[in-house]
Amino acid sequence: MKFSLDEDFARYAVELALSKGVDYAEARIQNDTERVYILKNGKPDAMGISKELGISIRVLVKGSMGFAATDDWQNKEKIRMIVEDAVRMAKANRLGDEKLSEESSFNVSLFVKPKIDPWNVSMEEKIKFLTEIDKFLIEADPTAKVPNRMHYLLEKSTEKVFYNSEGTVIISSIPRIAYFSFFVVVVNGKFDTRFIQKGESRGWEALKDWNLSTYLAGEAKALSKLLREAVEPPEGELDVIIGPSVSGLAAHESVGHPYEADRIWGREGAQAGESFVNPDMLKTKIGSDVVTVIDDPTIPNSYGFYLYDDEGVKAKPRFLIKEGYINEFLHNRETAVRFGTKSNAAARASAYNREPIVRMANTYVAPGDYTFDELLEDIRFGVYVKTFGEWNIDDRRFNMRFVGKEAWLIENGRLTKLVRNPILEITTPAYYASIDAIDKNLEFEAATCGKGDPGQGVPVWTGGPNIRLRNIRVLKG
Amino acid sequence: MELSERKNEIIGLGEKLLAKLLDKGVDSVAILIDSHISRQVRFAVNQIVATKTWDETNIGVMIDKDKKVVVFEIGLASLSDIDEISNQLMMYIKNVSPREDYAPLPEPSMKYPELKDNWDENILKNPEMHVNLAFDVIDSGKKAGAKRMAGTLLSKAMFLCLITSNGSKLTQESTQVYLDVRAFMDKESTGHASIAGTKLSQIDASKVAEEAASTAKLSQKYQTIDPGRYDTFFTYDATAALLNLVGGATSAFAVETGQSFFIKKLHTNVAPEIVNLKDDPLFSGAYNSRAFDDEGSPTRANELIVSGELKTYLHNRFTAKKFGSELTGNAGWISPRAWNLVLEPGDQSINEMIENIRNGLVIHNVTYIRFQNYMAGDFSGIIRDGVFLVKNGEIAAAVRGLRLSDNTLRMLSNIIAIGKERRQIFHWWLEQDIPVLTAPIIVKDVNYTKAVK
Chain V
0 MKFSLDEDFA
10 RYAVELALSK
20 GVDYAEARIQ
30 NDTERVYILK
40 NGKPDAMGIS
50 KELGISIRVL
60 VKGSMGFAAT
70 DDWQNKEKIR
80 MIVEDAVRMA
90 KANRLGDEKL
100 SEESSFNVSL
110 FVKPKIDPWN
120 VSMEEKIKFL
130 TEIDKFLIEA
140 DPTAKVPNRM
150 HYLLEKSTEK
160 VFYNSEGTVI
170 ISSIPRIAYF
180 SFFVVVVNGK
190 FDTRFIQKGE
200 SRGWEALKDW
210 NLSTYLAGEA
220 KALSKLLREA
230 VEPPEGELDV
240 IIGPSVSGLA
250 AHESVGHPYE
260 ADRIWGREGA
270 QAGESFVNPD
280 MLKTKIGSDV
290 VTVIDDPTIP
300 NSYGFYLYDD
310 EGVKAKPRFL
320 IKEGYINEFL
330 HNRETAVRFG
340 TKSNAAARAS
350 AYNREPIVRM
360 ANTYVAPGDY
370 TFDELLEDIR
380 FGVYVKTFGE
390 WNIDDRRFNM
400 RFVGKEAWLI
410 ENGRLTKLVR
420 NPILEITTPA
430 YYASIDAIDK
440 NLEFEAATCG
450 KGDPGQGVPV
460 WTGGPNIRLR
470 NIRVLKG
Chain U
0 MELSERKNEI
10 IGLGEKLLAK
20 LLDKGVDSVA
30 ILIDSHISRQ
40 VRFAVNQIVA
50 TKTWDETNIG
60 VMIDKDKKVV
70 VFEIGLASLS
80 DIDEISNQLM
90 MYIKNVSPRE
100 DYAPLPEPSM
110 KYPELKDNWD
120 ENILKNPEMH
130 VNLAFDVIDS
140 GKKAGAKRMA
150 GTLLSKAMFL
160 CLITSNGSKL
170 TQESTQVYLD
180 VRAFMDKEST
190 GHASIAGTKL
200 SQIDASKVAE
210 EAASTAKLSQ
220 KYQTIDPGRY
230 DTFFTYDATA
240 ALLNLVGGAT
250 SAFAVETGQS
260 FFIKKLHTNV
270 APEIVNLKDD
280 PLFSGAYNSR
290 AFDDEGSPTR
300 ANELIVSGEL
310 KTYLHNRFTA
320 KKFGSELTGN
330 AGWISPRAWN
340 LVLEPGDQSI
350 NEMIENIRNG
360 LVIHNVTYIR
370 FQNYMAGDFS
380 GIIRDGVFLV
390 KNGEIAAAVR
400 GLRLSDNTLR
410 MLSNIIAIGK
420 ERRQIFHWWL
430 EQDIPVLTAP
440 IIVKDVNYTK
450 AVK
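Line by line, the protein sequences give chains V and U. Going by numbering that gives the first Met the number 0, the first sequence opens with residue 0, and the numbers climb by one from there. Going by numbering that gives the first Met the number 0, the second sequence opens with residue 0, and the numbers climb by one from there.
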């Protein structure tokens with residue numbers, strides 16, 4: 000697709016704001032165009048196209064932040080109105096004390112080009128693709144039925160122009176492709192459900208690598224086997240192995256979120272919540288020596304990929320936990336000032352009409368040097384939680400619970416029986432302190448991370464290897 | 000920024016767009032235009048951290064051709080893309096087979112309901128009033144003893160226009176506003192309260208702030224209790240969160256796709272006789288007031304649960320065809336949904352309700368609700384912002400660390416009391432984004448779990 004935005008309108012907005020006496024101004028023109036194809040119970044449902052395109056302005060006036068947005072981005076009269084409104088509202092807030100950290104200025108263009116542009120793939124091929132994987136799903140296990148099936152194929156292009164009053168101009172274009180599915184498996188009147196998500200910053204070529212037919216068939220078979228064979232899980236203090244999809248989600252929810260500096264300071268108090276982490280916990284021990292957790296927006300092809308954030312700061316990997324120590328928080332320019340540091344480029348806005356706030360990108364537990372068999376062989380009696388169903392965590396990110404979906408009993412170093420819905424309910428420090436070994440099998444999953452008000456869903460990867468935890472309380476479902 | 004000045008322009012735009020798309024040889028077209036000015040004041044740590052304004056016009060288009068359906072949504076500035084987008088969609092239509100559940104757009108009705116008490120000029124005329132309400136919350140909360148106040152005031156003034164090729168030309172104007180407040184004594188001693196309506200004057204900032212602050216203060220002295228089953232009083236906010244799950248499960252789309260715990264439950268008792276729940280976008284001051292749905296059917300109050308019996312699912316034209324049901328006026332283009340849930344009040348005051356609890360809990364807020372199995376209704380949720388142990392009808396202490404882990408159908412059937420006072424609740428973390436006019440409820444034997452380390 001040809002880049003469609005014109006930076007002149009962003010420049011106009013910023014210059015206009017400066018003429019109103021603001022201390023800082025930035026404008027972002029953003030175009031999120033997406034197409035979604037839905038296959039419902041084997042039949043193509045309504046196809047959807049959406050184009051969210053517009054401009055936002057953010058101004059800082061004597062410590063007060065004002066934000067305004069319009070979709071009418073090429074209309075200078077409308078731009079004037081939103082600039083004036085942002086300034087008026089910011090001035091009405093007479094008690095603000097916001098500042099922005101000093102950062103380098105950049106003038107760069109970044110265009111990520113897909114190998115195969117989904118826009119150039121025929122509709123016929125896309126429908127055929129979804130129909131084929133649906134067939135694999137329903138034929139995976141002849142002893143099971145899969146009566147309810149939703150498949151979503153999403154292709155998205157995000158174009159941005161960022162322009163601020165300090166001389167930074169970032170022009171970028173990033174493609175994304177994603178697949179979601181939800182299905183119900185029924186065996187002998189018993190049923191269970193599964194949700195799957197994949198996503199990358201690539202083009203159509205990513206779909207082949209995901210090998211969805213085999214993957215979905217495997218998941219349906221696993222659910223069917225679970226319904227037929229699973230026994231009650233053991234209860235008590237047990238050794239547990241957590242699979243990559245679970246360790247990745249835990250890293251996102253119990254490390255990434257509580258290390259967001261806006262939560263630590265309290266800015267998200269009424270929405271996403273605060274954090275159990277205090278500023279003075281930096282450089283203190285939170286996990287065992289084998290635990291390192293990284294958030295890295297720069298991983299090529301990742302779903303959360305970017306090289307400059309939505310405040311124009313250059314991205315880099317953030318080592319949130321390093322060998323068991325809290326090492327770094329996630330910052331934008333607002334929180335960096337409050338914490339006396341520099342931004343580490345964690346500001347993201349999900350659309351033109353959203354303010355940039357502190358977000359994760361691709362959060363993962365660094366792999367260790369064990370093999371999966373080596374993790375297993377030291378466990379006499381325990382549980383392997385390969386995938387999860389239900390998951391939640393309190394708003395301080397201290398007390399988490401997850402319920403296993405595919406889970407196995409471990410006996411004498413071997414996976415022996417499937418177990419039904421083992422529950423792990425544990426505090427974050429206890430979880431990370433209990434990890435004694437990590438294997439080499441780092442895997443990533445795509446997710447849409449929610450935060451903010453109005454809500455901002457941003458694409459992220461969660462990642463992790465298999466990890467072993469000692470003496471964890473397991474409950475029956 | 001005068002919204003009223005745009006009306007004729009928007010209707011004209013819709014009509015032109017309709018004619019243009021009909022020229023492409025499609026069977027029918029529906030165009031839904033939402034033009035709004037919205038304002039938000041966000042505050043945290045006793046200060047306003049951002050003010051926001053949105054001035055946007057979103058245009059949704061649904062096209063039918065040969066019993067196939069496509070939809071798209073664009074902003075005002077993207078109208079020049081209409082040809083390209085509609086060509087892409089026509090290509091899609093060529094490649095798919097007709098929908099088995101196809102039904103044409105409903106014919107326009109002779110009569111549409113009137114909306115009452117759903118417009119407040121102050122939302123447009125007085126942006127500073129939003130900021131001042133936020134200051135009122137912060138000041139009132141601090142005066143009531145809270146250490147830190149945080150929250151959101153969000154308002155929206157909207158002009159909505161639906162034009163269809165079979166003759167609907169429907170418009171409505173409405174305003175919405177909600178205030179959502181959280182008070183902190185420390186990180187774990189918190190309180191929450193919220194209120195929603197259609198006018199800024201309905202937002203009693205001081206009352207909401209004081210409620211949140213007093214709950215936060217009461218949360219400081221806590222004791223540890225065992226996990227297990229407790230009779231539980233759920234406040235307005237907590238009940239609204241739970242009823243959102245019920246509202247979402249009544250969508251026939253959720254039923255069809257296995258994402259509802261009401262599958263095969265129609266015309267069965269899902270709750271005791273005291274429970275009467277309807278979806279009603281027409282009551283005076285309804286936050287999400289609507290006179291017509293996205294397909295042009297008139298809206299109405301739909302009785303969802305009557306004396307405990309599940310009476311209907313909510314439909315759009317496709318689900319109504321599939322289920323052999325009449326239209327209910329709840330169409331979204333992909334999925335039908337509830338507009339505004341209303342729980343019929345009971346006859347007990349809050350004090351009377353709590354006095355009747357021997358050994359139970361009071362819960363002010365339920366968030367982060369996740370299902371293990373949608374069809375079975377097994378879920379857990381975070382309880383916060385005021386969780387109290389009740390002993391012999393009196394609040395004994397705050398409790399911490401418990402998690403609500405139960406089943407929606409079991410909880411519905413265990414409702415034993417409904418309060419007589421109601422409040423309209425809407426805020427961003429309601430799981431299905433459905434505003435609820437609700438009373439507090441008591442549910443017996445609710446299950447709670449707890450982390451042990």
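Check the hints yourself; a few may be wrong.
Quick list of in silico lysine-lysine cross-link-like pairs, BS3-like style, CA-CA up to 27 Å [unchecked claim]:
{"hint": "1", "chain 1": "V", "residue 1": "61", "chain 2": "U", "residue 2": "23"}
{"hint": "2", "chain 1": "U", "residue 1": "23", "chain 2": "V", "residue 2": "77"}
{"hint": "3", "chain 1": "U", "residue 1": "141", "chain 2": "V", "residue 2": "42"}
{"hint": "4", "chain 1": "V", "residue 1": "220", "chain 2": "V", "residue 2": "207"}
{"hint": "5", "chain 1": "V", "residue 1": "144", "chain 2": "U", "residue 2": "321"}
Facing chain V, a subset of chain U residues (Cβ under 7 Å, in silico) [what the hints assert, rightly or not]:
{"hint": "6", "residue": "49"}
{"hint": "7", "residue": "54"}
{"hint": "8", "residue": "181"}
{"hint": "9", "residue": "431"}
Calculated from the structure, these hints are not laboratory results. All figures in this text were calculated on a predicted structure; none of them were measured in a lab. The beta carbon of each residue, even a glycine, is placed where N, CA and C say it ideally should be.
To see whether the hints hold, each was checked on the structure:
no.	hint	verdict
1	V:61 with U:23	violated (54 Å)
2	U:23 with V:77	violated (32 Å)
3	U:141 with V:42	violated (57 Å)
4	V:220 with V:207	holds (21 Å)
5	V:144 with U:321	holds (21 Å)
6	49	holds (5 Å)
7	54	holds (5 Å)
8	181	holds (4 Å)
9	431	violated (13 Å)
Of the numbered hints given earlier, the model fails hints 1, 2, 3 and 9; all others are met.
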